[in-house]
Structure formats: C-alpha cells, structure tokens
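**Q** Below, each chain spelled out in residue letters.
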Amino acid sequence: MSDLTKQSPLGTYLEHCKKGELAYQVSKDDNKAFFYPRAYVPTTGSENIEWRVSKGLGTVYTTTVVYMKGEPPLNVAMIDVDEGFRLMSRVEDIDPLQVKIGMRVKVRMHPGDDKQPPYPVFISLTPAPSTVERHQGPEGRGETS
Amino acid sequence: MSSLKKGSIAVVGAAESDLGLVAPHTSPVDLMAQATMRALDDCGLTLKDVDALFVAATQVRMGPMSLAEYLRIKPKVFDGTQIGGSSFMSHLAHAQAAIQLGLCEVAVIAYGSTQRSVSRAAASPREYNPYESPYRPILPISAYAMSAARHMHQYGTTREHLAEVAVAARQWALLNPKAWEKEPLTIEQVLNARMVSYPFTVRDCCLVVDGGGAIVLTSAARAKTLKKKPVYVLGVGETLSHAYISSMPDFTVTGASISGPQAFRMAGVTPQDVSMLSLYDAFTINPILFLEDLGFCPKGEGGPFVADGAIAPGGKLAVNTSGGGLSYCHPGMYGLLVMIEAIRQVRGECGARQVKNCDVALAHGNGGVLSSQCTVIFGSENTL
Numbered sequence: 016m017s018d019l020t021k022q023s024p025l026g027t028y029l030e031h032c033k034k035g036e037l038a039y040q041v042s043k044d045d046n047k048a049f050f051y052p053r054a055y056v057p058t059t060g061s062e063n064i065e066w067r068v069s070k071g072l073g074t075v076y077t078t079t080v081v082y083m084k085g086e087p088p089l090n091v092a093m094i095d096v097d098e099g100f101r102l103m104s105r106v107e108d109i110d111p112l113q114v115k116i117g118m119r120v121k122v123r124m125h126p127g128d129d130k131q132p133p134y135p136v137f138i139s140l141t142p143a144p145s146t147v148e149r150h151q152g153p154e155g156r157g158e159t160s
Numbered sequence: 008m009s010s011l012k013k014g015s016i017a018v019v020g021a022a023e024s025d026l027g028l029v030a031p032h033t034s035p036v037d038l039m040a041q042a043t044m045r046a047l048d049d050c051g052l053t054l055k056d057v058d059a060l061f062v063a064a065t066q067v068r069m070g071p072m073s074l075a076e077y078l079r080i081k082p083k084v085f086d087g088t089q090i091g092g093s094s095f096m097s098h099l100a101h102a103q104a105a106i107q108l109g110l111c112e113v114a115v116i117a118y119g120s121t122q123r124s125v126s127r128a129a130a131s132p133r134e135y136n137p138y139e140s141p142y143r144p145i146l147p148i149s150a151y152a153m154s155a156a157r158h159m160h161q162y163g164t165t166r167e168h169l170a171e172v173a174v175a176a177r178q179w180a181l182l183n184p185k186a187w188e189k190e191p192l193t194i195e196q197v198l199n200a201r202m203v204s205y206p207f208t209v210r211d212c213c214l215v216v217d218g219g220g221a222i223v224l225t226s227a228a229r230a231k232t233l234k235k236k237p238v239y240v241l242g243v244g245e246t247l248s249h250a251y252i253s254s255m256p257d258f259t260v261t262g263a264s265i266s267g268p269q270a271f272r273m274a275g276v277t278p279q280d281v282s283m284l285s286l287y288d289a290f291t292i293n294p295i296l297f298l299e300d301l302g303f304c305p306k307g308e309g310g311p312f313v314a315d316g317a318i319a320p321g322g323k324l325a326v327n328t329s330g331g332g333l334s335y336c337h338p339g340m341y342g343l344l345v346m347i348e349a350i351r352q353v354r355g356e357c358g359a360r361q362v363k364n365c366d367v368a369l370a371h372g373n374g375g376v377l378s379s380q381c382t383v384i385f386g387s388e389n390t391l
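From first to last, the protein sequence lines stand for chains R and G. Number 160 marks the last residue of the first sequence (my numbering); no jumps. Number 391 marks the last residue of the second sequence (my numbering); no jumps.
In case anyone wonders, no lab produced these hints; they're calculated from the structure. For glycine and all other residues, C-beta sits at the position ideal for the given N, C-alpha and C. Hints are all accurate, no fakes.
Some chain G residues judged to face chain R by a derived CB distance under 8 Å, without partners named:
#1 E139
#2 Y142
#3 R143
#4 P144
#5 I145
#6 A152
#7 M153
#8 R157
#9 M202
#10 V203
#11 S253
Anything over 10 Å on all C-beta distances counts as not near chain G; from chain R, calculated:
#12 K34
#13 E36
#14 N46
#15 A54
#16 D97
#17 I109
In isolation and in its complexed conformation, chain R is listed as follows:
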C-alpha cells in the first residue's frame, strides 16, 4: 500500500537524483515504464510498481531554443529514454540550435543549487554537424541566425 505520510513519488525520485541516478517506475503487471513518478500506475490504478534506475541513454524527440532577455539561448528538449519513457530536459554541451530531433544523448546529473535539487540533463552522443548544411533536414534549422 502506498503511504503518502511516509514517502512521496517525487521524494523518492529526488533521492535518486542526489545519487546521480535517473530513476523511473515500471508497472510490474505489464513491465511498462512510466514517467513522471506516481503512487499508482496510470490507466490501471495498480500499486504494483517497481522503481528502476535508467542507463541514461535516449533520443531527442523534439526540441526548442528559448530566448530570454539578457541571457544566452537555452535548449529545452523532450527526450525519449531507451527504457520507454519520455521526459523534459535539455542537451547542454552543444549550441542549442544544433540539438536535433533523433540525436542520441546520455544523461548527466545537474547538481542544482540551494533552491533547486539536482535534476537530469543530457549531453550529445551524436557529433555536432561540422557544417550548417549537413543536418539541416526538413526542420530547416539553418534558416535561423
């Protein structure tokens, strides 16, 4: 039985983050992964849940670059993790405009700070294109300055 007076789904998730682990949940009834962490399996309502630690490999499902006044451009992306769940994150070792849909990525834990607990970000496993043309593709990224 879940006992939310003792332990919360987010609390467990953050404990893993503090250890440098991207944790997720699996419904033991059908072995399907889900994210974000919950006290009950979505759709079935089952409590037959197992926490697992991801290997941290994934693929960019979609991506954007946000432009905030007085700050450098920042990537925001949705990552399809290999174990079968999706989360919002960012790819942070390359130019935000070079983050491409389909790019392979690997997790690393951002340490956070006083106010923000550690949170997972990703680094690119696909080499960034050497020229603008190479990965331009249908999303037309080469158009922006």
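Got chain R sorted already, so can you dock chain G onto it with the hints?
**A** Coordinates of chain G only, in the frame set by chain R:
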C-alpha cells in the same frame, strides 16, 4: 442513455466586452459584466431571465461566484470548469445538457481578462512543476514550439507555412474594425521578427491584450421568440489528453481528432458542409494541427494546405475571419471570442469579412498546452 440533441439549444445573444487596453483598475469581472449586459441586450433578455451562469478566467478563481455577486443574481445552475482557453466550449456543452434536462432555461457564459493592463505574469502565473520548471521553458510558447518542431521534422512543414497562418490572420484583421492590429504583415516580417522559442518568432505568437465576452443560450423553442435569428448548436465534442506538455502522447496529433468527429457525428454534417472555421490560434502551428485533426486535410498536410494564402481573404477556406488570436484579440483564454466570430458569421453580421451563405460554422477551442480540445458546430435555421 439520453444524449445531447442537434439543435436543441441556440445562441441568442453574443457580445465582446471592451477589448485591447482598458482603463486602469478595470477588473476582469467588470469586463464579464459588460459583455453579459451587451449580450443580453443583443437578444432582448434581462438579468432577471438568467438562471444559469458559466464562468472561467485566470484572474478570478471562483468565476461563477464573482460574476453572480457582481450582478447580484442567483443562478440555479452554475459551472466554473477551468480547462484553459477551451473552457467556454465545454461550458456550452454543459449548458446544453442542463437546458435539455430542464434544469435551467437561459444560460450566460462569460469571461474577462486584464492581462495587458496587469501583465501576463500577474494575470496567469504558472504552477511549479518539478519535472519541467528546472528546464525553464517559456510556457505556453515552448510547448507549442516543440509541437511545431516535431511537425516540421516529421512532415516537412516549414517556417514559411507557419508564417502563412500569421499573415492570413493579419489580412482578415484588416477587415475587422475591432481588431488590435491595424498594419499589414508579410511572410518575411514574421520570419525575421524577434525569435522567442524556436521555431516561433514573436509574430508566430498570439497577442497579449485585455478583453472579454459573453454569449446567451436558451432552448430552441424560446430562441425563436427573441430579437435575432437563432444560431443553433448542431454539435459539440470535448476531450482532455494531458495537462503538461511532457505527457502529450504524440506532439503532432491533438484531441481535436476526437472532439471534431464527436461534434460532426452529433451535427450530422461533414467538413465539406462547413463554410467557415474559427480555430483557436494561440500560435501559428495551431490552425495547421486543427485543420488536420478536424478532417479538413490529411495528417501532415496542414502546412501545404495553408500555403499561398489559402486561408486568407479570397482563399479556398475561410479560417479565423476575425483576425484570430494572432491579430484580432487574445486576452489569455480566447475560446469565447472564437465562438462569437463563428456565431456572427452564421448571423451574417460580419460586414467586409462576411463569408457568403455561411450556414455552418465550426468553432474549435484549445486549452493549456494542446491539452483540452473542444469543438462546437453552429448552424442557421436552414441546417435543422
């Protein structure tokens, strides 16, 4: 099991509040009340006739209470369903159920916002989400931008296609005296405007203005006794697919693919019968997604569908004739104004932007981050 019946209720009154930038210290409830009184005047009813009240707004947490207090009325039926910008289409469906059941007879749906006056941050603060907020997306813009990026990747949709939507909206807006934007806009201006969240520039994003609206609904029988020609509710459909963008199942397919067919089934019409569409265009990707999901073109072909001025004045399909949320008015939850334009088109009140013989108009609402989708099909007496 009984169900909602085509044509059982009609819109008899419709009005905007003042739009754009209102006087300092105007409240969202002032605007709701103003729109309500104008909508009642539109049909010749008074506050004494109103026995149901439907209200949602971002600045008023308990809308039905606030507007009932302001107007000092005691509605028998009230509903404050809050699912973002499409709330009012959902209210309409709930009002239809209540009127059909005889729980009430005259329903008002009202909305007001002063987001331009007080700032968007003050008018619509975001909830903290531990799985999204650390990444600092600019919401809702970045959510729609990621849908657009995926659509571009999967189907070859281009930034020019997106810009076509903004340019068409501007051309319609120039025909609407109430529209906020008064100057022409080109594809190049959209593409070269300030980037906000790739692939969206500021011109791919809706206006941030003050405004509100109200509509009055009653039974088909009573509607026939009032001032103006009734605009019948032919079909409604509503669905929820997620709350936060991280949980959207497929970023290129919206719940309009569920709400649309529901509404068409109830109405007994098809996309070919629709003369005009009013689509919730918070961002330029929205009409492209909704044209696909509502069955006006195959999935993935929305970009080419809107190209070459196809949804602009004189194009092959009249979409967002008011100028839309992109160029006419977007007070934050735009759905009520989406319906008002469709209602006016069926009435034939749209002047220079009037669509000829507009017997069937579709209003589609969107809420959250492509999260709630609600479709309403309106028709003239000829369609019953």
